[in-house]
Amino acid sequence: MGRYIARRFLLTIPVLLGASFLIFALVYALPGDPIRALGGDRPLAPAVVAQLTDEFNLNDPLWLQYVKYLGDLLQGDFGTDFRGREVIDTISQRMPVTVQLAVVAIAFEILIGIVAGVLAGIRKNGFFDNVVLVSTTLIVSIPILVLAFIAQFTFGLQLGLFPIAGVNEGWYSFLLPGLVLAAGSLAYVARLTRTSIAENMRADYVRTARAKGLPRRDVIVRHTLRNSLIPVVTFIGADIGTLMGGAIVTETVFNLPGIGRAVFDAVRAQEGAVVVGIVTLLVFVFIFFNLVVDVLYAVLDPRIRYE
Amino acid sequence: MKLSKRRGGLVAAGVAAAMMLSACGGSDDNGGGSGGTSAEGGGSFSVYVGEPENALIPGNTTESEGHQVISSLWTGLVEYAADGAVEYTGVAESIESEDNTTWTVTLKDGWTFHDGTPVTAQSFVDAWNYTAYSPNAQGASYFFSNILGYDDLQAPTDAEGNVTGDPAAQEMSGLRVIDDTTFEVELASPFAQFPVTVGYNAFWPLPEAFFEDPEGFGTQPIGNGPFQAEGEFVPGQGITVTRYEDFAGEDPAVADSVEFRVYADLNTGYNDLQAGNLDVLPDLPPDALASAEDVLGDRFLEAPSSGFTYLGFPTYDERYSDPRVRQALSMAVDRQAISDAIFNGSRTPADAYVAPVVDGYREGVCEYCELDVDAANALLDEAGFDRSQPIELWFNAGAGHDAWVQAVGNQLRENLGVDYVLRGELDFAEYLPLLDEQGVTGPFRLGWSMDYPSPQNYLEPLYSTAALPPAGSNATFYSNPEFDELIQQGNSASSNEEALDFYNQAEDILLEDMPIIPMFFDLEQAGHSENVSDVVIDVFGDIDVANVVPVS
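For the record, the sequence lines run as chains C and H.
Read left to right, the first sequence gives residues 1 to 307 (this note's numbering).
Read left to right, the second sequence gives residues 1 to 552 (this note's numbering).
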C-alpha cells in the first residue's frame with residue numbers, strides 16, 4: 001500500500017509540470033495587452049508600462065517566461081499579480097473559504113444524497129422512491145445560477161432565515177450557498193445510491209444475511225450499503241476535486257471570497273502567475289483526492305489490494 | 001445599534017455583530033463625539049465597495065472602488081464643494097502663483113498622519129517624487145508630467161519598449177521644500193488650473209512609514225483623513241476604519257467606525273441593502289433602477305456624476321474625416337429615447353463636451369447633439385457619404401454596452417438609411433490597444449470621468465495633440481493647432497474667468513469639428529438603509545462617508 005501511494009505521488013510531478021505549462025501557454029495565447037487594460041480610459045505613462053512589462057517578463061518568448069516562472073516557483077516564490085500582491089497570499093486567504101464551502105456542500109451530498117438514496121432504494125418503486133425521482137429530476141434541470149438567486153431571494157431576503165451574502169457569520173454563512181452548490185451533485189448521489197442499493201438488495205449475500213435472521217437494520221447498513229457505496233465514493237471523490245476549484249457562480253452570488261472568483265478575475269486580467277499558481281495547486285488537490293478515493297476502495301471492499 | 005431583520009435565534013453572534021458591539025462600546029469613552037442628529041454615541045455603518053484594483057496607495061489608485069476607500073483615509077491639499085468648487089478646507093492654507101508656472105504651496109499647522117507624525121511639505125514632495133518615479137510603476141504617474149524634471153524620473157527604453165536603465169534622477173527638479181510648511185512647485189508649462197488639480201488622490205501626502213514598507217502600507221494605509229484604518233484590508237472582504245480623533249480638518253467623521261465591505265456582485269449588495277444588512281450602496285444594479293425608487297422611497301438618491309459616455313470617430317479613417325459626416329451622424333441619434341428605453345432615463349442626453357458637474361458647462365451648447373433627421377440627411381449628401389456601406393460600431397465586450405450601441409445603430413439605419421454592423425467582440429485588453437494603433441473602422445465607444453473638477457480635464461486629455469496615444473487618451477487622433485492653442489491660453493490665463501473663456505472657445509471648435517458623438521452624462525444612483533441618514537453623493541460619484549450619520 002505504502003509503495004503504491006508513493007508511486008502515485010511520484011507520478012504527479014510530470015502531470016503538474018505538463019499542466020502548468022499548458023495553462024501558462026493558454027494564458028499567454030490570450031489576445032490583448034493586459035498592461036494597457038490596467039490604465040483603462042487613461043493610458044499609464046509609457047515608462048510605467050515599460051517597467052511593468054519588464055517586471056512581469058511580458059516581452060520574453062513563451063518558453064523563457066515559463067522557465068523564469070518555474071525557477072521562481074522552485075524557490076518557493078509563487079510570484080505576484082499586477083497589483084503587487086503575492087499570489088501565495090491570495091491563495092492562503094481564499095482557499096479556506098473555498099474549503100469551507102466545499103465541506104458544507106459535500107456534507108449535504110453525503111447526508112441528504114445517501115440517506116435519500118437508501119430510503120428510495122430499499123423500497124424500489126415505492127412512494128418515497130417516486131418522490132426522490134421527481135425531486136431530483138427537478139433539481140438537476142434547474143441551472144445553478146437560477147437556483148442560487150431563488151434561494152438567496154426566498155430564504156435570505158424574504159424569510160430572513162440565512163445571511164444573504166458574505167462570510168461574517170462563520171459556518172452559518174456557508175449553509176445556504178453550500179446547499180445550492182450541492183444541489184446538483186446531491187441529486188446525482190441520491191440516484192446513484194438508489195440504483196446501487198436496489199440492485200444489491202437482490203444479491204445472494206443479502207438474501208443469506210436475511211436468512212440468517214440478522215436484524216433488517218444490520219442487513220441494510222452493514223451489508224448492502226457498504227457494498228453499494230463504491231460508485232458513490234468515486235463520484236464524491238471526483239466532486240471534491242471539482243468543488244476545490246471553487247464555484248464561481250455560487251461564490252459570486254453569495255459574495256464568498258473564494259478561489260473560484262480569484263481564478264476568474266485573474267483570467268480576465270490575463271495574470272499568468274495567478275492563474276498558473278492556483279490552477280496548478282488545484283490539479284494537485286484533484287490528484288490527491290483521486291488517490292484518496294482509490295485507497296478508500298480498499299477499505300470498502302477488502303478484495304481490492306494495491307501492491 | 002443596528003437591528004438585523006434576520007431571525008435572532010438562528011443567528012450565531014458573528015464577527016459583524018461583535019464589531020458593532022465594540023464600536024458602540026468604544027463610543028461611550030469619547031462621550032461628546034461630534035454633531036449630527038442622533039450621533040451622540042457615533043455608531044457605525046457599512047458601505048458597499050467593489051474589489052479595489054490596486055493596493056490602497058493614493059499614487060497607484062486610478063479607479064473608483066479604491067478611491068471610495070482611500071478618500072475616507074486621506075484629506076488632500078484642497079477639497080471640492082458639492083458643486084465642484086475648490087475649497088481650502090484641506091491641508092493647504094494657500095496655493096499661489098504670480099506667473100501660473102511657479103506655485104507656492106503653504107500648509108496649515110496641526111495636521112498629522114494617523115501614526116502621529118506631522119504632515120509637512122516633505123510629506124507631499126516625497127510622495128509626488130515616489131509616484132512619478134517610473135520604476136515604482138505607480139498608475140497615477142502621468143499626473144506629474146507637467147512638473148519640471150518629470151522626464152528625468154522616467155526610465156529610458158529601447159525601440160521595443162524594454163527598460164534599458166535607471167532614470168536620470170529620483171527627484172523632480174521642479175519640487176523644492178522651503179520649510180516644514182512651505183514648498184514650491186515649478187511647472188514645465190504654465191497651468192492656471194493647478195490648484196484645482198491637487199485635490200486628486202495622486203497628490204495626497206505620504207508619511208515616512210510608507211517609504212519603509214510600501215507593501216505593508218498598501219494593506220493598512222496611514223493617511224491624514226477623518227478615518228484611520230483599523231486593521232488590514234482583506235481582499236474579497238474589506239476593511240474597517242475608525243474615526244481619527246486628532247483629525248485637523250473642519251469636518252471630522254460623525255460615525256465611530258465604517259466597514260467597507262467588498263462585494264463581487266452589485267445585485268447581492270442590493271439584496272443585502274433591502275434586508276438591512278448593508279447600510280450604504282453607492283451604486284444600484286441597472287435591473288433595479290426601474291423599481292428602486294419605489295422600493296427604497298426617500299432612501300433612494302440620484303445625483304449627476306462626472307461620467308461622460310461618447311462615441312469617438314476614427315478621424316484617421318477617410319470615411320469619417322469630413323466634419324460634416326460626423327455632424328450628421330451625431331444629429332441622427334435621439335439620445336433621450338435611448339436613455340429612456342435602455343437606461344430607464346438614468347442618463348442625461350449629452351448637450352456639450354464638458355459635463356454639467358464642472359464650472360464652464362454651457363447647457364445645450366452642442367447644436368449637432370439635437371435630433372434633426374432632415375439636416376443630417378442633407379449634410380450626408382453634401383459630404384458625399386457612401387450609404388451603401390454599413391457603419392461599423394465598436395465597443396468593448398462584456399461591459400453592458402451592447403444594448404445602447406445597438407440602439408444607436410438602429411437609429412442610424414432608420415434615420416439615415418445606412419446599415420450598421422456591431423463590432424463588440426473584443427475585451428478591454430484587446431480593444432484599447434486596437435484604438436491606440438488606429439485599428440478601428442467606425443465610431444467607437446469610450447467613457448471618461450473627471451479627475452478634478454475643471455473643464456480642462458474634459459478637453460485637453462481627450463482632444464489635444466499632446467494627448468495622442470500611446471501616451472494619452474486622444475483615441476480619435478483629432479489634432480487641431482487652433483484647439484491646442486486655446487487650451488494653452490486657458491492653462492496660462494491669469495484668472496479663472498479668463499481661463500473658462502478660453503476653454504469655452506476651445507469647446508466651440510470641437511462643437512464644429514465633432515471628433516466624437518457626445519452621448520450621455522451619467523447620473524449616479526445610490527441607496528441607503530434606515531440605519532443611516534445624511535447620505536450625499538459627491539461630484540466624483542462617491543459617498544462622503546465622514547458626513548454620514550448613523551441612526552441609533
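Among the hints, a few may not be true.
[Claimed, not checked] If you anchor each label on the Cβ, the simulated ranges turn out as follows:
{"id": "1", "chain 1": "C", "residue 1": "P31", "chain 2": "H", "residue 2": "G447", "range": "50 to 56 Å"}
{"id": "2", "chain 1": "H", "residue 1": "F300", "chain 2": "C", "residue 2": "V131", "range": "30 to 36 Å"}
{"id": "3", "chain 1": "C", "residue 1": "P143", "chain 2": "H", "residue 2": "A81", "range": "27 to 33 Å"}
{"id": "4", "chain 1": "H", "residue 1": "D83", "chain 2": "C", "residue 2": "P143", "range": "26 to 32 Å"}
{"id": "5", "chain 1": "H", "residue 1": "G400", "chain 2": "C", "residue 2": "V140", "range": "51 to 57 Å"}
[Said to hold, decoys possible] Covered, in the sense of this in silico footprint (three residues per stretch, anywhere, with C-beta under 8 Å from a C-beta of chain C), are these stretches of chain H:
{"id": "6", "segment": "333–340"}
{"id": "7", "segment": "348–361"}
{"id": "8", "segment": "372–383"}
{"id": "9", "segment": "525–538"}
[As the list claims (entries may be wrong)] Here's a subset of chain C near chain H, in silico, CB distances under 7 Å, partners left out:
{"id": "10", "residue": "R42"}
{"id": "11", "residue": "D54"}
{"id": "12", "residue": "G76"}
{"id": "13", "residue": "P302"}
{"id": "14", "residue": "R305"}
In short, the hints are calculated from the structure, not lab data.
Please read these numbers as outputs of a predicted model, since none were measured by experiment.
Cβ coordinates follow ideal geometry from the N, Cα and C atoms, glycine included.
Could you tell me which of the numbered hints above are not met by this structure, giving the numbers in increasing order? 1, 2, 3, 4, 5, 6, 7, 8, 9, 12, 13 and 14
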